[in-house]
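Using the supplied hints, reconstruct the complex from the two chains, each of which is provided in its own coordinate frame.
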Amino acid sequence: MQETLLHVSKVYKSYHKSTTPSLDGVDFTIARGEIVGIFGPNGAGKTTLISILCSILDPTLGSVTYYLDGEKSPREIRSKLGFVPQDFSFFPELTANQNLEYFGSLYDIKRADLAQKIDDLLQKVGLSHVKNSKVSTFSGGMKRRLNLIISLLHDPVILFLDEPTVGVDVQSKIAIMNLLQELNRQGTTIIYTSHHLKEAEEFCNQIILIDHGKMIACNTLANLLATHQVTNLEDLILKLTGTVLRD
Amino acid sequence: MRKLSASVWKEILLVLHDKVGLLLMYLMPLLLVFIITIVQNSAFQIVNENKLTVLISNQDKGSLGDSLVKALVHSGSFDIKRNNSLVEASVKRRTIDEDAMLGIYIPANFSERLGDNADNISKLMLEQMGVIEKAPKVSPKKQEIAIYFDPVVQENFRISVLNGIQAITNGIENEEMVSKLFQEMGYDSIPANIRQAIINRETKLKTANASLSTVAELIPNSSQHNVPAWSIFAMFFMVISLGGNIVKERLSGSFLRLQTIPTAFALTLVSKFLVYLFVALSQLLLLFLMGIYIFPHIGLPQLAMPNAFLPFLVVTLLSAVSAISYAVLVGTYAKTQEQANGFGAISIIIFAAIGGIWVPNFIMPDYMQTIGNISPLKWCLEGYYTLFLKNGAWSELMGTISFLFLFTVICQLLIFIRLRIQNYI
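So the protein lines, in turn, are chains H and X. Numbering of the first sequence is given in the working numbering, commencing with residue 11 and proceeding in unit increments. Numbering of the second sequence is given in the working numbering, commencing with residue 1174 and proceeding in unit increments.
Worth flagging that the hints you see were computed from the coordinates, not collected in a lab. Wrong hints could be hidden among the right ones.
Said to hold, decoys possible - Pairwise CB distance ranges, derived in the manner of DEER restraints: (1) X/Leu1462 <-> H/Asp179: 29 to 37 Å; (2) H/Asp129 <-> X/Leu1447: 50 to 58 Å; (3) X/Leu1486 <-> H/Thr29: 33 to 41 Å; (4) X/Ser1215 <-> H/Ser149: 50 to 58 Å; (5) H/Val176 <-> X/Met1571: 54 to 62 Å; (6) X/Trp1531 <-> H/Asp97: 40 to 48 Å; (7) H/Asp97 <-> X/Leu1447: 44 to 52 Å; (8) H/Gly53 <-> X/Pro1533: 29 to 37 Å; (9) X/Leu1579 <-> H/Gly136: 49 to 57 Å; (10) X/Phe1451 <-> H/Val176: 57 to 65 Å; (11) H/Lys82 <-> X/Ile1185: 35 to 43 Å; (12) X/Asn1546 <-> H/His139: 58 to 66 Å.
Note that beta-carbon positions come from the ideal geometry of N, C-alpha and C, so glycine has one too.
With the rest of the complex left out, here is chain X (with noise of 0.2 Å):
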């Protein structure tokens, strides 16, 4: 026991001079955690949030282009700017100029086309009902809206920006469809009652998020996203100072030495082992706190423990387990510390990346999702994510479980036949 807590007592000593690796350990991901949500939780804001900025130059002759206009603005997404002496290639330039997301450009002929449009096609619908004998063959006549985005718009925003402008359009569209059908029938317009029937037709959506458990719900927020898998990411990135700190211990002789010395080499590995749990808890825990005490003080999602406490527990120290393994994996293979430092990080970011840390799993090409399953990362992220997101508990963390375990075993078994190999047990 004595050798033990000298040799542990000796790690802790090593840990608390080693300011780089501390600053690396604790620091860089508390900062990182700290940027991240606060970036992502600005993305979530400006898209759920604040108004975008739209340049609109309305060229159309008829009412219709108004309708549009008017749609957007009741949709409460957009912040209108009108400036209708524009003409196409203008709205083009313009819309960088004054600094808004995108610039629709409506043409003189959009109330006329459509209009057209929609006659033809009630024209057909009453000669299929019988109403009328023939319908004057007229081809479809194509209609363009104009739109020009911010070239520093992603794609995923746009796809969501061109769907809300769709989903507008189309219901001018089947309005003046109606509207169409019912003159020819010999209305002015469509019946008040109709109109009105029409309005209150629109299916509402009702939303929530689908949970593991009946028990409260945790809120998906940036933080419930960005602290455990940062958190798992900084965990990992012990390796910089774990596996230098092995690498530098093995060449410096200190491990020769101790092959001379009646004590049993595990002891080394233990106490680094022990150590470094505690370094890994420590760092999950300061980030967990600084979810939960500091992000509502600075504006961001105050971040929501899970409910499954020991599930949560066992996750965690497996996730430890995991890191610390790959970390003196790293340190008993590598040759030179430069190798160790440089592998070590090279192969915890690209575990992050396949393992989805930055960008979601599921957005990823089946092949990838595929290759991401190697990832300890991945496993412990989906571990996380199950309790901090879906509510889930025991039965949905099998296959975190598993795999954590399976990956610690296979990271000590190399571990001991290269330590077997060298002779130093």
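The following block holds chain H by itself, in its conformation from the complex (with noise of 0.2 Å):
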């Protein structure tokens, strides 16, 4: 039996302009060791449940609990999660160098271990060449790239990332889908949002779909085909969650 990572108990968030929870009771369990995907249509509610695990967000009701080694208390938590926010969050007017050494020491990492991360993973995206280059100069991809190994400088345990390949080439697209693959190897869990159907199809293991905050299934990719008689995972969002066009 896998060891569960992480389990979300009916999760309910509301905003306060807001007449309609962006959360409606949604409740699942992670094994250590998956992918998951997270889909939905757009406004589903979708980012704001990766904000909660990322403890970017309170929930309004329930709860999320994560079992990890010894960690307790909230900074423990945090210092195992690593999180890839859609937008580019970093300094452009810096260089890839430079932001990559000032988000290391926020994680506290030693200042020789960091500078050998900081190599390592440059190398394995393929930006060591542009390790002393100001980030504004840089490309989508390169730039999504950099976004991606930001996030990875202190060996997180569990992975969150909201749409990582959006905007990018092929080959970005490729390197970036060949380190989370020989991330998961190593042992990190990865959950992760997109709206590219194909890729996730190949990547992840389990599913989460969502739909005007409610969690509408949550199973691997096989069982919901079968259950749900559809061939693909654009087919079964379709059958799920219908056609009509949301805001």
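Printed below as a string of structure tokens:
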């Protein structure tokens, strides 16, 4: 039996100005080493859910429990989480190395270890040659790769990615997906959202489908396809969420 | 400590990369202080050192018109251009043509009317004293000297000039009155000893600057006024760089990433605070050094630093902390960088205007002076004026220190509330 890493219990989230909740009783469990894809139409509640899982937002009701070795306090738990936002969250005025050194220092990584880690990660995503170049000069794909490796400096146990391959060329996409698969093989649990459904079909072994803040499916892709008698993820999403355009 | 040093280093790099921000924070204040001090110093020199060009057309048939012109020449304040061929309408026109600051037209009956009035008053006085039985009833004749100002001459300047001319005409009138009085009593003119006594009786005005201290007096001049005032303005203008920087980081997602890192968010704010405190203090240092070492070489008065160093340091630090707190507040509440820059800049300009940076607070209407009390720039300026112009110390600075401390606390509280609502802390 797989070891439970994360349990989300009846999470409910509502915002002051909204009449309907963003999340309404979401409840699931994630096992260590899984790659979980969270899908749903725009405005379904995916980003809110990821934000709650990363402790950026607090749920209005319900709880999120991490089963990590010995880490109890929110600060200790955060030190095991990695978050890759959809937006480029770094400083374009600085070089790649300066960005990585800054974020690495905030994780309290020893100076020598950090330098080694930076070189390794830059090399893995093909950015070694621009280590000391200003990030503002990078292409979209290079920025996306840098955005990813900033979150890997502290070897997170669980990695959250919000659209990690949006707007990149196929080469960058392959580099990113290869790195994520390597991390997963090394034991990192990955939770991600994407609109590249083909990529997700190959990458995820667990699917969570959300619509109007409610979780409407949670299972392996194979089981979901069989249950709902469809042949791919796109058809599954359309069958469960409909074809009406969302705002 | 390592996290703090990394965070501070990142802020330093960001400030160094922000070329426009650096220009706004360092070059703009230098230029502003430099230009405004030169302009105000020139205005000061025009009033106090240079002679005003005056075009005069004296049509007076008697001698008093000439007396008036001689008195104007004797005052040393005017460079007289005489042209007695001009009629009144021509004086109005030629004042501008001949680059005169003002034109004076003395009418043909100036002496006659002034003499008649003086004669009338002297007779009334003699009647009152019982020397003569009945003074003839004569209504006073209207006496008019026409004065035309170049339209560019400002109101306060006009008032100074008019007061000067009025004092001269009053002197002539008084002398004429005394002269008539003696004539009525059978003298040809005022006896020499009495004339001398009248001249000697002029009240001499001894002027000095009020001071809160007995130590060496600080001389008020354009440098003492402008360097502190515009340094404060420059310090608060960092809202453009710091406020915009905070919004940019928030919108770019850097703040979001920081929320997921096991580091207190306050660390980011503390590092920004430390770096911009250095920026504010270095701005002041540069401006003061310019006032002390460069101004004297370009003909401007040298800036004299206050004698009370510790109070000066406290006011400077509190002013810098207030400016940074306000900038962070704007950056925290603004939704876009444009909003932070626009609102930040306009609010500082308004604070500067009502706070007396541009025109002194005391010449504003009462209600504006009351409104001005909400401006942190007003209190910073009051603190600096107390130190730089009045030679004050702790006891006179309590208002400034209390307000700036309160202002900082309120800003920090509002920042905390906003960041708490947004789940950053």
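Could you tell me whether the CB distance from asparagine 1546 of chain X to histidine 139 of chain H stays inside 58 to 66 Å?
-> holds (59 Å)
Take a look at whether the Cβ-Cβ distance between aspartate 129 of chain H and leucine 1447 of chain X falls inside 50 to 58 Å.
-> violated (30 Å)
Indicate whether the distance between the beta carbons of glycine 53 of chain H and proline 1533 of chain X respects the range 29 to 37 Å.
-> violated (57 Å)
Return holds or violated for the Cβ distance of phenylalanine 1451 of chain X and valine 176 of chain H against the range 57 to 65 Å.
-> Violated: the Cβ-Cβ distance is about 39 Å, outside 57 to 65 Å.
Just tell me: holds or violated, for the beta carbon distance of serine 1215 of chain X and serine 149 of chain H against 50 to 58 Å?
-> holds (55 Å)
Starting from the hint 40 to 48 Å, judge whether the C-beta atoms of tryptophan 1531 of chain X and aspartate 97 of chain H obey it.
-> holds (42 Å)
Do the beta carbons of leucine 1462 of chain X and aspartate 179 of chain H sit within 29 to 37 Å of each other?
-> Given range 29 to 37 Å: violated, Cβ gap about 53 Å.
Pairwise beta carbon distance, leucine 1486 of chain X to threonine 29 of chain H, judged against the given window 33 to 41 Å = Given about 55 Å between the Cβ atoms, the range is violated.
Evaluate the given range 49 to 57 Å for the C-beta pair formed by leucine 1579 of chain X and glycine 136 of chain H.
-> Given range 49 to 57 Å: holds, Cβ gap about 55 Å.
Take a look at whether the Cβ-Cβ distance between lysine 82 of chain H and isoleucine 1185 of chain X falls inside 35 to 43 Å.
-> Holds, at about 36 Å.
Take a look at whether the Cβ-Cβ distance between aspartate 97 of chain H and leucine 1447 of chain X falls inside 44 to 52 Å.
-> violated (27 Å)
Is 54 to 62 Å right for how far apart the beta carbons of valine 176 of chain H and methionine 1571 of chain X are?
-> holds (58 Å)
The structure shown violates the earlier hints numbered 1, 2, 3, 7, 8, 10.
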